[in-house]
Structures are given as C-alpha cells and as structure tokens.
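Participant: For the sequence shown, the working numbering gives the first residue as 11, with consecutive numbering after it.
Do not take every clue at face value.
The calculated DMTMM-like cross-link candidates involving lysine to aspartate or glutamate, where the alpha carbons are at most 20 Å apart (straight line), are [claimed, not checked]:
#	residue 1	residue 2
1	K211	D199
2	K19	D52
3	K83	E128
4	K203	D135
5	K221	E210
6	K19	E60
7	K203	E218
8	K16	D75
9	K16	E236
10	K105	D161
11	K203	D261
12	K19	E128
13	K19	D43
14	K16	E63
15	K19	E39
16	K19	E63
17	K221	D261
18	K19	D197
19	K221	D183
20	K16	E60
21	K221	D199
22	K83	D135
Label pairs and their calculated CB-CB ranges [unchecked claim]:
#	residue 1	residue 2	range
23	G251	D106	41 to 51 Å
24	R49	L214	49 to 59 Å
25	G251	K203	28 to 38 Å
26	S215	L110	27 to 37 Å
27	P103	R231	22 to 32 Å
28	R49	F107	19 to 29 Å
29	G141	L110	26 to 36 Å
30	K16	D135	48 to 58 Å
31	P79	G213	36 to 46 Å
32	L214	G141	47 to 57 Å
33	D135	S212	46 to 56 Å
What the hints contain is simulated information worked out from the structure, not anything from laboratory work.
Every residue, glycine too, gets a C-beta built ideally from N, C-alpha and C.
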Amino acid sequence: MDLGIKGRKAIVCASSRGLGRACAAALAEAGCDLVLNGRNTDALAATARELRERYGVAVEEVAGDVSAPQVQKALLTACPAPDILVNNNGGPPLKDFRQLDRAAMLDGVTQNMVTPIELIQAVLDGMAERGFGRIVNITSLSVYQPIPGLDLSSGARAGLTAFLAGIARTVADRNVTINAILPGKFDTDRIRKTVVYAAEKSGLSLEEQTKRTAQAIPAGRLGRPEEFGRTCAFLCSAHAGYITGQNVILDGGLFNSAF
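Sequences and hints are given; from them, build the entire structure.
Facilitator: So, in structure tokens, the structure goes:
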C-alpha cells in the first residue's frame, strides 16, 4: 500500500534502536525524511546511515536525552515544520515502588508524560495550519494491564493518555491526529530486562522465564519490532485521518478484554 506520505518530514524520538527504530525504518520505507534521536551516538549514527543507504531518504541525527530542553530545541531546529511526530522515550528502570523517592517519581513523569506534551505543544498548531499532522505516542500495554515494577512508567503513560484524549478532538477537523500504540511484549532490550526481573522474582532460570513469557501470549511468541513500526507508519499515513484519540493495543492478544 502506498501510504501517501512520501516526502513528509518526521521527527522520531528515541529511534536509534528498539521500537523507535522500527518506526523510523517504516516511515523511511514510506518515503519520509527523518530526524532521528538517541542517547547513544554510535547506535544513532549506525541507524541513520542504514536508513539513508537503504531507502534514499534524508536523515538527520540529534543525539541526547529527548527530555532535555536543549535536545528538544535541536530536534525542532533540525525540523521546524514536521508533518509527523513519533513520541518515544525510555521508561524508568524496573523498581519496587517502595524504593521510589520524589526525585525518581518526578523524573519518570518528565520522561513519559511531560516530554511528549512539550513536543506536541511545539508542533501542533503548525500542523493544524498546514492541514496535515500525525502524532503517535508510544506508550505501553501497562497503561491497561499493570506490570509490577513498572508502576511509575505505567502511571506516567496513563497520565499522558488522559491528558491528550480531549486535545486530539480539537484538531481532528484540520487533518491532525493524535494516537497511541500500546506495545505488549516485543523482542527488544526492554522486554529482555523485564524477563530478567521476572526470573529473579520467580526463581526460574532465564530460559524458563522466557519460555513462560511467550506461552502466556495467545500468539505464542514475542512481537517483532517491524510489525510495530508498520502499524505506526499506517497511523501516520494519509489513509488514517479518521483515526484519532485512540489507543491501539499491539500485544498478540495478551490483554484479555472484549473492549
């Protein structure tokens, strides 16, 4: 399918690896020019180089933590009029909530709620004026289905979801959409850390815990990052203008609910 976004400009946060990288790759495949971001400069450069060579699109790199105001400024300087914004950021580390102090809680909320809101504030009106905008927030299935040890991440991402629900409706008539994708268990570094944490709690070996994790998913496997990326690209496409304010659960059927 031609997604109708060739030549569009996209900012993809935390996109040097994992699900963010998969989103960037799918948008590059659709013909978008990209501004990528990541904390690891080597990984970021490698991703940018591969996408340029493979898809022939323009790719700029902005290294650093997207929660830092100077990094946000650099992203918007590199792409002052984005058509697409994919919000993504690393979440707080796995930790029992009893061990969280005030500073850790504020950092978690800044990373996973405040930062995407700040970027949306910066780009939303311009998108509306130009008559096209696609914003996708990568959150987590834990917004709906809590995961012990990820309480801070879950709370901050749920806050982001509620904050943007009404805002999405205010710009839909100008062909600007705001949606979220809630990943379940995908084959990324993040899920591997979660499996290690679960193995330590359960007393199982890492191999046994990995097998148990996959068996608990109706699809019988972890998700593939490219599946996630292409879902993101569709939500960013010219064909998705009637989808807004939605939380797309991508989890192989793990969240057991009829609605």
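Participant: State for each hint whether it applies.
Facilitator: Checked hints:
1. Annotation: proposed proximity of K211 to D199 holds, straight-line Cα distance about 19 Å (limit 20 Å).
2. About 23 Å separates the Cα atoms of K19 and D52, which puts this hinted pair outside 20 Å; it is violated.
3. At roughly 11 Å between alpha-carbon atoms, K83 and E128 fall within 20 Å of each other, so this suggested pair holds.
4. Taking the CA atoms of K203 and D135, the gap is near 38 Å; set against the 20 Å cutoff, the hint is violated.
5. The straight-line distance between the Cα atoms of K221 and E210 is roughly 15 Å, inside the 20 Å bound, and the hint therefore holds.
6. Taking the CA atoms of K19 and E60, the gap is about 18 Å. The hint holds against a cut of 20 Å.
7. With a C-alpha separation of about 15 Å, the suggested pairing of K203 with E218 holds against the 20 Å cut-off.
8. For the given pair, K16 sits about 28 Å from D75 by alpha-carbon distance, which is inconsistent with the 20 Å threshold.
9. Pair hint K16 plus E236 holds up; C-alpha atoms about 19 Å apart against a cutoff of 20 Å.
10. A hinted pair counts as satisfied when its Cα atoms are at most 20 Å apart, and K105 with D161 qualifies at roughly 8 Å.
11. Using a Cα cut-off of 20 Å, the hinted pair K203 and D261 holds, with the two alpha carbons roughly 18 Å apart.
12. For the suggested pair K19 and E128, the alpha carbons sit about 19 Å apart, so the restraint of at most 20 Å is met.
13. Straight-line distance between C-alpha atoms of K19 and D43 comes to about 5 Å, which keeps the hinted pair within the 20 Å bound.
14. Distance hint between K16 and E63 is fulfilled; the C-alpha atoms sit about 17 Å from each other, no more than 20 Å.
15. A hinted pair counts as satisfied when its Cα atoms are at most 20 Å apart, and K19 with E39 qualifies at roughly 13 Å.
16. Distance check on the hinted pair: K19 and E63 sit about 18 Å apart at the alpha-carbon level, within 20 Å; holds.
17. Pair hint K221 plus D261 holds up; C-alpha atoms about 16 Å apart against a cutoff of 20 Å.
18. As the CA atoms of K19 and D197 are separated by approximately 28 Å, the hinted pair breaks the 20 Å bound.
19. In summary, the hint linking K221 to D183 is not supported, as the alpha carbons are separated by about 46 Å, beyond the 20 Å threshold.
20. This hinted pair checks out: K16 and E60 have alpha carbons roughly 18 Å apart, not beyond 20 Å.
21. A threshold of 20 Å between alpha carbons decides the hint, and for K221 with D199 the separation of about 16 Å falls inside it, so the pair holds.
22. A hinted pair counts as satisfied when its Cα atoms are at most 20 Å apart, and K83 with D135 qualifies at roughly 17 Å.
23. Checked against the hint of 41 to 51 Å, the C-beta distance between G251 and D106 comes to roughly 43 Å, which is consistent with it.
24. The hint said 49 to 59 Å for the Cβ distance between R49 and L214, and at roughly 31 Å that hint is violated.
25. Between G251 and K203 the Cβ separation comes to about 37 Å, which falls inside the hinted range of 28 to 38 Å.
26. Take S215 and L110: their Cβ atoms lie about 29 Å apart, and the range 27 to 37 Å holds.
27. One distance hint, 22 to 32 Å for the beta-carbon pair P103 and R231, holds here, with the actual separation near 26 Å.
28. In this structure the hint that R49 and F107 lie 19 to 29 Å apart at CB holds, the actual value being about 25 Å.
29. Between G141 and L110 the Cβ separation comes to about 43 Å, which falls outside the hinted range of 26 to 36 Å.
30. Checking the proposed 48 to 58 Å range against K16 and D135 shows it is violated: the Cβ atoms sit about 25 Å from each other.
31. Separation of P79 from G213 is about 44 Å and conforms to the stated range, judged on CB atoms against 36 to 46 Å.
32. Hint check: L214 to G141, Cβ distance near 53 Å, so the stated range 47 to 57 Å holds.
33. For D135 and S212, the Cβ-Cβ distance of about 49 Å falls inside the hinted range of 46 to 56 Å, so the restraint holds.
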